[in-house]
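Sequences are here, hints too, so could you generate the full structure?
Those protein sequence lines, which keep their order, are chains A and B.
Residue 959 is where the first sequence starts when you use my numbering, and the numbers rise one by one after that.
Residue 10 is where the second sequence starts when you use my numbering, and the numbers rise one by one after that.
Hints in this document: simulated from the structure, not taken from any laboratory.
What you were told as hints is all true, and nothing was included just to trick you.
The list that follows gives simulated cross-link-like pairs (lysine-lysine, DSBU-like), each with its CA atoms no further than 35 Å apart:
no., chain 1, residue 1, chain 2, residue 2
1, A, Lys-1325, B, Lys-219
2, B, Lys-76, A, Lys-1171
3, A, Lys-1237, B, Lys-142
4, B, Lys-162, A, Lys-973
5, B, Lys-162, A, Lys-1325
6, B, Lys-142, A, Lys-1235
7, A, Lys-1173, B, Lys-116
Just a few of them, taken from the derived set where beta-carbon distance is under 10 Å, the chain B residues facing chain A:
no., residue
8, Ser-81
9, Ile-88
10, Thr-100
11, Gly-110
To give an idea of the chain B side of the interface with chain A (calculated C-beta under 7 Å), a few residues:
no., residue
12, His-84
13, Met-90
14, Glu-98
15, Tyr-107
16, Leu-111
Just so we're clear, the structure is a prediction, and the values are computed from it rather than from any experiment.
Glycine included, every Cβ here is placed at the ideal spot set by N, Cα and C.
Residues per chain, in single letters:
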Amino acid sequence: MSFHIFKYSFKSLLKDRMSLFWLLCFPLILATFFNLAFSNLMSNESFEKVKIAISTDHVVPEGLEEAMKESNLFDISFITEAEAKALLSEKEITGYIKNTHELELVIFDSGLNQSIAKVFLDSYLQVSTTIYNIIDGNPQIIQMGFLENLSLNDGFTEEIPASSSMNMVVVYFFALLAMTCLFSAVAGSYSISIIQANQSTLAARINVAPTPKLKAFLSMISATICFQFMSAIIAITYITQILKIDFGDKILHIGLLCLVGCFTGTMFGTLFGLVVKLKAEIKDMLVSNIIMIMCFLSGMMVLQIKYIVQEKAPIIAYINPANLITDGLYALYYYDTFNRYFLNLALLGGLGLVFCTITILVLRRQKYASI
Amino acid sequence: MIVKIENLVKRYGDLIALDHLNIEIKEGEIFGLLGPNGSGKTTAINCLLSLLKFDKGSIEIFGKEMKPSAYSIKHNIGIVMQHVAVFEELTVYENIDYFCGLYITDKKKRRELVEEAIDFVALKDFVKFYPKKLSGGLLRRLNIACGIAHKPKLIILDEPTVAVDPQSRNNILEGIKRLNAEGATIIYTSHYMEEIEQLCSRLAILDKGKVIASGTKEEVKGMISLGEKIVVETFNINEDHLAQICEIPNVIDVELKENTLTIKQRNGASNLVNIINFIAENDISYGKIYSELPTLNDVFLEITGKELRD
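As structure tokens, this is what we get:
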């Protein structure tokens, strides 16, 4: 590798406004838009407890308050029925529970919160009646720890993932990060165009120099990968530190995946630039569109697409670098084990190596019939 | 011989771009490749540099076979392309340093060479400029600096003055003479015959991929029958006079366009005194009278029947 070519290739990328915009600024702008668009969605994900009052005018059955607290669904207040009626009419509470002859839920409206309260109370009544019936017929069961094994909350709770702050929106940001890494394909396509003498006068001049083509190629793509990796690091920093999106604590693993992603993206661009015989501008446009399609299939625009592709056409999911990056980051975020992460990393690196090998083989055999 | 091209054949499908081209270039000369657009000059250069594969023939530079991996040969070649080939994102200094660095690895030496190249093309005031901020002439000078900064023994300039203003053109031509004086062998392609005449010690004229004439300027001009041309600005000449002029020994053609009479002589003959005497004897009023030697365009015209710029 030539450090001289590497240095100037990196400098060129830094000074090229188009590269700076598409490879560095565009992902940041998109991340900002994502954050604005999804901020409501993210806030909606935090569940607000249902405000329920329990009338103190009557005796509350033993165990009800405890069951309600354990369910983690309710914000309970103990007030008189008159006060409860007043609060209900002012919509300060969803409803109130009174125990005249039997437990009753008083509500004025219908809705999700009212349904939650109703379903809980029905379930409580059903379970408590069943328990009383069982105990009536078989009192010694209490000594066998029957009551300790009961739980009212099974139907209301969710499984908690490895990450403490589960957030589906983060997948959009993973796809965005995949796009940032894979945009190096545009720079890769440009690099290959200035290696081939038949592509431009600049390329012809470089070919006349006593620098082996492979050496120049490796130096240029190294600069591209470094530049793009730098963009990815900036994007990660921006998303996690400024936009406060939680990417988890496995930052080194995220970095490694992004580095391999930049390599694969660059090599995809070089291969594309090498085999497609079109004008440079058209190639740039095509390669960036292909990257966007890859990102779309990995769920960047519509999250469900990722799962549809994975279910209906898993082979596409396995050969789509954007999906491999997204899925690798997803695996890091949601699972404690690294199996799925390393599978994605290996597939991504493998794809990059295949692209690289084909590029080098084609490049070495290339002789120009016309310039 | 610095360059030896033997029986070079290059085809683009049915079109023969180079047809058994033979050229030999000696050390220290400025060799001109002259020909109209499409005559095969650039194709010949591209084959010479191993940028293009060719169908037949052989190319030797510095006594060795030229091929894409002949890095020791490439190390001593400098190329100035027809179209400006620089990085838009790099400054003047950085561009020259980049291309020089492809040949010279020693940083200190490279810095000296880059400075020399900048002085040579007089771009000292523009070192921090980006190419898009340079005028056409300055851009051409940068293009030259990028090609010659590493002090090559063989410099190939492919139409370096295309679309350049007269002042910049003179600067470029003077620079080429200086490079040659410093010991570089130059190959200069152009379709401007004046430049070739002014610069080159030997030349080859190309047409349809073939060398139709080669040698020194005098040798090439000596290949045709045309000698000097006498041009007379005249106002009252008639058909009889023209017929009588045609009878003068060694006159091969007479042409009258508006008030300008052109009398062409056979090669090696001089008729200026005879013509002046004829004008005086026949009381023909006249303005300027001057004599012209045949140009390379005349050579091309006589051999191919068409003008160089056709």
